[in-house]
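Add chains L and R to chain E, keeping to what the hints say.
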Amino acid sequence: MTKHLEIRLSGSGGQGLLLSARILAQAFASEGASVSQSQSYEPTSRGGLSRADLVIDGVRPDFPLAEKLDYLLVLHQCAAGASDEIINDDMTALIDSELVTEPPAGKFKVKALPLTRTAREIGNVRIANIVALGALAGLSRMIDRERLEDTVRKGVPPKFLDLNLEALEAGYRLAEESRDN
Amino acid sequence: MNEISADSFDINEYLRLELFPHFLCPGCGHGMAMRAMLWAVAELGIDKDNLAIVSGIGCSGRMGAYVDANTFHVTHGRPLAFATGLKLARPDLTVIVITGDGDSLAIGGNHLIHACRRNLDITCLMLNNEIYGMTGGQVSPTTTLTRFTTTTPYGNYEPAFDACRLAEAAGASFVGREATLQVPTLKNLIREGIEHKGFSFLEVISDCTEIYGRKNALGNSPEMVLSQKSKMRPESYGGLMSNKVDQPFRPNPFQTGVLARNERQEYGELCRRHIAAKQQAE
Amino acid sequence: MSKQRLQNIPGNHACALGAVAAGCRFYAGYPITPSSEVAERMSAELPKVGGMFVQMEDEIASMGAVIGASMGGVKAMTATSGPGFSLKQENLGYAAQAEIPCVIINVMRGGPSTGMPTRPAQGDIMQARWGTHGDHPIIVVAPDSVAEIYSETIRAFALSERLRVPVVVLYDEVVGHLIETVDLQPAPEEQLASRKWAEGPREGFLPYRADADMVPPFPRPGDGFRTHTTGLTHDENGFPTQAHERVEAVIGRLLGKLDRHKELIESYEAVGCEDAEVIVTAIGISARAAKKAVATARKNGIKAGLFRPITLWPFPEEAFRKLSAGASAVVVPEMNAGQLALELERFAPGKVSALTRYDGEHIDPSQILKRIEEVLS
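Residue numbers (the working numbering), protein chains in the order written: chain E, 1 to 181; chain L, 1 to 282; chain R, 1 to 377.
It is worth saying that the hints were derived from the structure and are not from the lab.
Hints should not be assumed to be uniformly reliable.
Below, computed lysine to any residue pairings styled on SDA-like, alpha-carbon distance capped at 25 Å [unchecked claim]:
#  : chain 1 : residue 1 : chain 2 : residue 2
1  : R       : K299      : E       : T2
2  : L       : K278      : E       : P157
3  : E       : K154      : R       : E37
4  : E       : K68       : R       : G301
5  : E       : K68       : R       : Y358
6  : R       : K299      : E       : D57
7  : R       : K370      : E       : H4
8  : R       : K370      : E       : N88
9  : E       : K3        : R       : T296
10 : L       : K48       : R       : G224
11 : R       : K299      : E       : V59
12 : R       : K370      : E       : E67
13 : L       : K215      : L       : M134
14 : E       : K68       : R       : E373
15 : L       : K278      : R       : V49
16 : E       : K3        : R       : D183
17 : L       : K278      : L       : E266
18 : E       : K3        : E       : T92
19 : R       : K48       : L       : A277
20 : R       : K299      : E       : D62
21 : L       : K48       : L       : L17
22 : L       : K278      : R       : L184
23 : R       : K322      : R       : Y268
24 : R       : K196      : L       : D49
25 : R       : K303      : E       : P61
26 : E       : K3        : R       : Q7
27 : E       : K107      : R       : D364
28 : L       : K278      : R       : E45
29 : E       : K68       : R       : D364
30 : R       : K299      : E       : N88
31 : E       : K3        : E       : M142
32 : L       : K278      : E       : P158
33 : L       : K197      : L       : I46
34 : R       : K196      : L       : P91
35 : L       : K197      : L       : G45
A few chain E positions that, by computed beta-carbon distances, are all more than 10 Å from chain R [unchecked claim]:
#  : residue
36 : S83
37 : E98
38 : G106
39 : P114
40 : I143
Cβ coordinates follow ideal geometry from the N, Cα and C atoms, glycine included.
One chain only, chain E, in its complex shape (with noise of 0.2 Å):
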């Protein structure tokens, strides 16, 4: 049976998160497990806050907004001041450890890796969100995966889907290399 598991992608409008979101709910989806997603953005379509929420379980919830993470991006230092009502002790912050000056603050594991600058070196720091979505993957091991690979492959235009592998694969190894020391 799934988990229950409450999941925020926060960051700055046009970094990609809702796509990211997208990708993570759909990967939790084809493993037979209820997704909810929300999204809040701002009238814009550049720039300010963005987040997306995912809230996972075996079926659809009662209520389907996140109201105390177990996992919280943090892309943009924007963003990080965003979810004080629902950041808990119990969470892991996953920040990006050069757009992000101040952490939001709290007893939670936080890890701080450069996804920004992996991206950049990647070649397109337009993937940085991939990237974190590696990183938040590999970090969690909340889902499999192959699955998540496999979900990616049907999810971007083929044009872009060897750029994205590679994003996904430097968010796992920055999780693994993390995981070392």
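Only chains L and R this time, still in chain E's reference frame:
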């Protein structure tokens, strides 16, 4: 299509006689406009079962009820919006919209320009009496400068629309104007409008004798109708209508006949082609 | 659930898919946040099934075109949000008066006026019932999940066609944009029927003479009935009347037909109401929060129940009265200043505790749980 002489056209075949006498004022031009419209329908041999009349609110809007067809008397200013849905859903119907100057140029102005732009196969008859007759005679977007109405007690100082130029500029593929004086000429224009594949905008100068005529001492009904002719002088028009919009509409002359004809894609056809292409691709 | 059919889609897409499954073949609309995804999905889906999509010049025209298409005999729909819903009220009243079936989706955002376009609210509960002028019949359904948006949109068409009445599908921005894993089934056969078409002799046909079920058969243009349709108060023959004794009869039927079909229209979800000391009543995302709060309260030994109107208007009054009779309090969480609470006060006088919020944020289960505990202490 076969010509029907004035004598042999039997309007009763197209009327809901049980509703008569009608409610229009004695001398109102709308009855003549209705005769011209039904005469055109008869000449075109349109089956009454497949004729839909959509009208708005106002004196013009009430006309539809007297026609023995599928008649829809809708909300103020919206007949073109309703007709757009009806014609798209039922391209097999001949759809005629009857509207007035207030209905189509004031409250319904937005619908008019977009109907012109889309070019759906609808014939729109705008009966222009320069006044809100049904509500007792208020100023309208086509009221001539200096004229008296119940809301211009010291004379109208607002410039008027030239509805035909508006329709043409907005993309109507057939635009024409006639007066109620010459019913056969008006009938011919309406017939051409219905035959035209696309949006036809037809302005009909249709006098309000009871309120507008009286308030402005324009004479009795026959006198008003006759002055339509003496002041029309279509040959004097070179197309510089813009100079005339801000001037008193009458006794200034106005242009009649077919004023614009553009061959454009009919909107319903475009829609159906779009759908067919998508269905083929599926 | 078959995994092949499982999909993650937002409420607004489920709405469009529900409409198409219900046989909707005409959509007219105007872009407005947070409902635009309904129009976008309809523009993609309708051509595939031979349906017409048209983006009109404004909200008023959209509603007019929808009614126009339905007057032609085609199932038709539009979608909007508060500001657009206000503009649609004029023609919505026409549909009620002339008895033209149509479905209107209203995805609620913060108001009044332009308000908060991207933030959720539930402030149109009363407007959905009383937005257009004059006494008029209207049905409003209020789904609370993506799956239910799909099934209620289908039911909205069924009710609208069956009863010749406009039906509003009312949900908030949260549910409209919420993505859930759903397994969409084809529309149930019994909900696919079109309106009852007029048949029999054309001579002397009275378009507004109702059958015993208080619903008149619909004369399809082209079938030879050549009837008159008007927004003026009209007699059975379709023509205007102001004779008071006729008006009483025809408006009486118009208002009475929903009462006659109450059983068909009414729908609600009741959880643990029988022995409940406190009942929570809510719609949309507030109902989802209520569901969790009630379940938590039960775990904590509190006798709490949930009464959720799925048909919001006419409100399932009898069921609510019966189920709430034994409770000492009714908690009403809603994202407005207390619209539903005001209505419930009529059925459970003195017991209602409104939990309101109108800052553009949803209500959390924990807030409802706290209020449940407070009203019992």
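Hints, one by one, checked against the model:
1. R/K299 with E/T2: holds (22 Å)
2. L/K278 with E/P157: Holds. L/K278 to E/P157 sits at ~22 Å (cutoff 25 Å).
3. E/K154 with R/E37: Roughly 23 Å between the alpha carbons, so the hint for E/K154 and R/E37 holds.
4. E/K68 with R/G301: Roughly 23 Å between the alpha carbons, so the hint for E/K68 and R/G301 holds.
5. E/K68 with R/Y358: Distance ~23 Å between E/K68 and R/Y358 Cα, so the pair holds.
6. R/K299 with E/D57: holds (19 Å)
7. R/K370 with E/H4: Between R/K370 and E/H4 the Cα gap is close to 23 Å, so the pair holds against 25 Å.
8. R/K370 with E/N88: Distance ~20 Å between R/K370 and E/N88 Cα, so the pair holds.
9. E/K3 with R/T296: Status holds; Cα separation ~18 Å.
10. L/K48 with R/G224: OK: L/K48 and R/G224 at ~8 Å, within 25 Å.
11. R/K299 with E/V59: Status holds; Cα separation ~19 Å.
12. R/K370 with E/E67: holds (15 Å)
13. L/K215 with L/M134: OK: L/K215 and L/M134 at ~15 Å, within 25 Å.
14. E/K68 with R/E373: Roughly 21 Å separates the two Cα atoms, so the pair holds.
15. L/K278 with R/V49: holds (9 Å)
16. E/K3 with R/D183: Judged against 25 Å, a Cα distance of about 20 Å means the pair holds.
17. L/K278 with L/E266: Since the Cα atoms of L/K278 and L/E266 sit roughly 19 Å apart, the hinted pair holds (cutoff 25 Å).
18. E/K3 with E/T92: holds (16 Å)
19. R/K48 with L/A277: holds (9 Å)
20. R/K299 with E/D62: holds (14 Å)
21. L/K48 with L/L17: Given that 25 Å is the threshold and the Cα spacing comes to 15 Å, the pair holds.
22. L/K278 with R/L184: It holds: about 23 Å lies between the C-alpha atoms, which stays within 25 Å.
23. R/K322 with R/Y268: Cα-Cα ~13 Å, so holds.
24. R/K196 with L/D49: holds (19 Å)
25. R/K303 with E/P61: holds (21 Å)
26. E/K3 with R/Q7: Between E/K3 and R/Q7 the Cα gap is close to 20 Å, so the pair holds against 25 Å.
27. E/K107 with R/D364: Holds, at about 24 Å.
28. L/K278 with R/E45: holds (10 Å)
29. E/K68 with R/D364: Holds. E/K68 to R/D364 sits at ~11 Å (cutoff 25 Å).
30. R/K299 with E/N88: holds (23 Å)
31. E/K3 with E/M142: holds (9 Å)
32. L/K278 with E/P158: The hint holds at about 24 Å.
33. L/K197 with L/I46: Holds, at roughly 15 Å.
34. R/K196 with L/P91: holds (22 Å)
35. L/K197 with L/G45: holds (16 Å)
36. S83: holds (14 Å)
37. E98: Label holds. Min Cβ-Cβ 29 Å, cutoff 10 Å.
38. G106: holds (19 Å)
39. P114: Nearest chain R Cβ is 30 Å from E/P114, so the label holds.
40. I143: Given that every Cβ of chain R is farther than 10 Å from that of E/I143, nearest at about 14 Å, it holds.
Checked against the numbered hints given earlier, this structure breaks none of them.
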